[in-house]
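Below are the chains, spelled out letter by letter.
Protein chains: 4
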Amino acid sequence: MTNGDPGRMTELVREMLGRHGMLVTLGARLLRASPGEVEIELPASPHISQQNGFVHAGAVSAIADSAAGAAAWTMMPQGSDVLTVEFKINLVAPAAGERLVASARVIKAGRTLTLTEADVHAFTGESKKLVAHLVATMITMAPGVESRSPVR
Amino acid sequence: MTNGDPGRMTELVREMLGRHGMLVTLGARLLRASPGEVEIELPASPHISQQNGFVHAGAVSAIADSAAGAAAWTMMPQGSDVLTVEFKINLVAPAAGERLVASARVIKAGRTLTLTEADVHAFTGESKKLVAHLVATMITMAPGVESRSPVR
Amino acid sequence: MTNGDPGRMTELVREMLGRHGMLVTLGARLLRASPGEVEIELPASPHISQQNGFVHAGAVSAIADSAAGAAAWTMMPQGSDVLTVEFKINLVAPAAGERLVASARVIKAGRTLTLTEADVHAFTGESKKLVAHLVATMITMAPGVESRSPVR
Amino acid sequence: MTNGDPGRMTELVREMLGRHGMLVTLGARLLRASPGEVEIELPASPHISQQNGFVHAGAVSAIADSAAGAAAWTMMPQGSDVLTVEFKINLVAPAAGERLVASARVIKAGRTLTLTEADVHAFTGESKKLVAHLVATMITMAPGVESRSPVR
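Chains as they are written, first to last, in this note's numbering: chain F, 1 to 152; chain S, 1001 to 1152; chain D, 2001 to 2152; chain E, 3001 to 3152.
Please keep in mind that the hints were generated in silico from the structure rather than gathered at the bench. Do not take every clue at face value.
[Unchecked claim] Derived list of chain S stretches under chain E, where covered just means 3 residues or more per stretch with a C-beta under 8 Å from a C-beta of chain E:
{"no.": "1", "stretch": "1102-1110"}
{"no.": "2", "stretch": "1129-1138"}
[Claimed, not checked] Derived pair list, reagent style EDC-like, types lysine to aspartate or glutamate, alpha-carbon separation capped at 20 Å:
{"no.": "3", "chain 1": "F", "residue 1": "K108", "chain 2": "D", "residue 2": "E2011"}
{"no.": "4", "chain 1": "E", "residue 1": "K3129", "chain 2": "E", "residue 2": "D3119"}
{"no.": "5", "chain 1": "F", "residue 1": "K128", "chain 2": "F", "residue 2": "D81"}
{"no.": "6", "chain 1": "D", "residue 1": "K2129", "chain 2": "D", "residue 2": "E2039"}
{"no.": "7", "chain 1": "D", "residue 1": "K2129", "chain 2": "D", "residue 2": "D2119"}
{"no.": "8", "chain 1": "E", "residue 1": "K3108", "chain 2": "S", "residue 2": "D1119"}
{"no.": "9", "chain 1": "D", "residue 1": "K2108", "chain 2": "F", "residue 2": "D119"}
{"no.": "10", "chain 1": "S", "residue 1": "K1108", "chain 2": "E", "residue 2": "D3119"}
[To be verified] Cβ-Cβ distance ranges computed for the label pairs, FRET-style:
{"no.": "11", "chain 1": "D", "residue 1": "P2143", "chain 2": "F", "residue 2": "E15", "range": "52 to 58 Å"}
{"no.": "12", "chain 1": "D", "residue 1": "G2007", "chain 2": "F", "residue 2": "R19", "range": "32 to 38 Å"}
{"no.": "13", "chain 1": "F", "residue 1": "N52", "chain 2": "S", "residue 2": "T1002", "range": "15 to 21 Å"}
Computed from a prediction, not measured in an experiment: that's the story for all the values here. All C-beta atoms, glycine included, are put in the ideal place defined by N, C-alpha and C.
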């Protein structure tokens, strides 16, 4: 049994992400979840901008990392929690548009570590443009392990 | 002449970062700026948390990336703007504490690209703990160049 | 016109990679080149091992980076040269097998910077396993620019 | 007790690195080892070059990664082995010079994962220039654990 077992998966991912005060603050929402794949949407807005009015790299990173973490989580043993070990993000174009969508998938699910990637596209009307690419390593926190423990 | 020339540097960095709606939303503020070095502080708060109550990796990244970008900016020719090309962040401990401080410095300032790094520490009372380490590549946008142009 | 224009592309990539003393030393060879995609093969051997007998991360990186650089090069203006700005590699399994194949492709080709990725698989008989994933930023060196100049 | 306990540490690191066929092939050698810090030297040579005659990014990466892995290893429990989980390298200048030196140190030693960094400098006569900066995550393989096991 994994966290992503059928039935209530989307609901469970939504509940998990709903506990991210950060995503609520940004205005992000879950679009879609399936085993190993999660999409999160973020409307562009001045409250998440950088100095030129584009969406701030920190906000782009936040949705990409959250989508990647959730994608990893769906493949972990039931009851496990997930933490980000590291991620790298390439910002290939200014994040300008009406909304951003981060689409994450698992590259390799391991017992301890899971490798994930996410593309972030900006949408303006019908047009779609790649603005960022993230690769992240996630760690499985076994059920019952106190998540504040210095596992790393 | 660089953006970090004496006199009004801290004021200029504060003004530049003040145009980051994202930092205002997070509750971050500039602590200190000198040529090639910038520190940004972020009080911990539920509105920037992840699912376990730690500060979200996206918020940690946002202050680390902003401090690194501002540090690079201080060494660029006067009137230049700065954009993040890519960054990598290692989250070495849960971001738990009363406040976070991102301390960034320039590793190598180049004509086009500048390499920077930032440490993020969590402070609780008198104790201080490293929670994240970022390395970022910044690109110089020459004065007069329309910053929306597809330079990358 | 790009470096990857038809006719002699594979030959040109082979010639370019043939000037990499490093690849000759490792025993690597070009498998395939098309616009934006390059594959390089490396037989496993004790002279490129690490302490446990797996292929050394440096050798895995060398073929992944070379394939990614060559893939970027095929999409650059004719006569341009390519240099690696940065890369990140995740080693998801020990590089054990008879031979490795690095398969690279361009994610986004820009005027100055090009983002690429590469997967490295280990082959043993008929079986195939992902051992590493690389993401790299390449920079275009315009024709006629002295490649030793401090462009970065 | 750690791998880096006094007495024979330099000898033990040299012995461990001596089992890296890759380093022998490149012509690299250990300069110095102390708890949490390791330096490796690599003479420049055509057999490790890229297309412009600079030292290949793969060779630069190999010594930086090996130094970082060895630095992490000195702080691991006695008998443990080390594997690289991921690294990111920024190549800030062409690797041109008579010899390269990779100087690595541990940023944070954890129970499972250890974060490290390394600078690579090129030396020509008396002059010294930074050519690369690496950040790497290492994993501890406990003594007795079969190192081919799919821990990751």
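Do the hints match the structure? See the list:
Coverage of the stretch 1102-1110 of chain S by chain E holds. Counting CB-CB distances below 8 Å, 3 residues qualify, and the rule asks for three or more. Under the rule that three or more residues need a Cβ within less than 8 Å of chain E, the assignment of the stretch 1129-1138 of chain S holds, with 4 such residues. Only pairs whose Cα atoms come within 20 Å are accepted, and K108 (chain F) paired with E2011 (chain D) is rejected, the gap being roughly 34 Å. Distance hint between K3129 (chain E) and D3119 (chain E) is fulfilled; the C-alpha atoms sit about 10 Å from each other, no more than 20 Å.
Straight-line distance between C-alpha atoms of K128 (chain F) and D81 (chain F) comes to about 33 Å, which puts the hinted pair past the 20 Å bound. Annotation: proposed proximity of K2129 (chain D) to E2039 (chain D) holds, straight-line Cα distance about 16 Å (limit 20 Å). Using a Cα cut-off of 20 Å, the hinted pair K2129 (chain D) and D2119 (chain D) holds, with the two alpha carbons roughly 10 Å apart. The suggested pairing of K3108 (chain E) with D1119 (chain S) holds, with an alpha-carbon distance near 12 Å, which does not exceed 20 Å.
This hinted pair checks out: K2108 (chain D) and D119 (chain F) have alpha carbons roughly 12 Å apart, not beyond 20 Å. Proximity of K1108 (chain S) to D3119 (chain E) is assessed by CA-CA distance (about 12 Å); at most 20 Å being required, the pair is judged to hold. In this structure, P2143 (chain D) and E15 (chain F) meet the distance hint of 52 to 58 Å, their C-beta atoms being roughly 56 Å apart. Checked against the given bound of 32 to 38 Å, the beta carbons of G2007 (chain D) and R19 (chain F), roughly 58 Å apart, lie outside it.
At roughly 20 Å, the beta-carbon separation of N52 (chain F) and T1002 (chain S) lies within the given 15 to 21 Å, and the hint holds.
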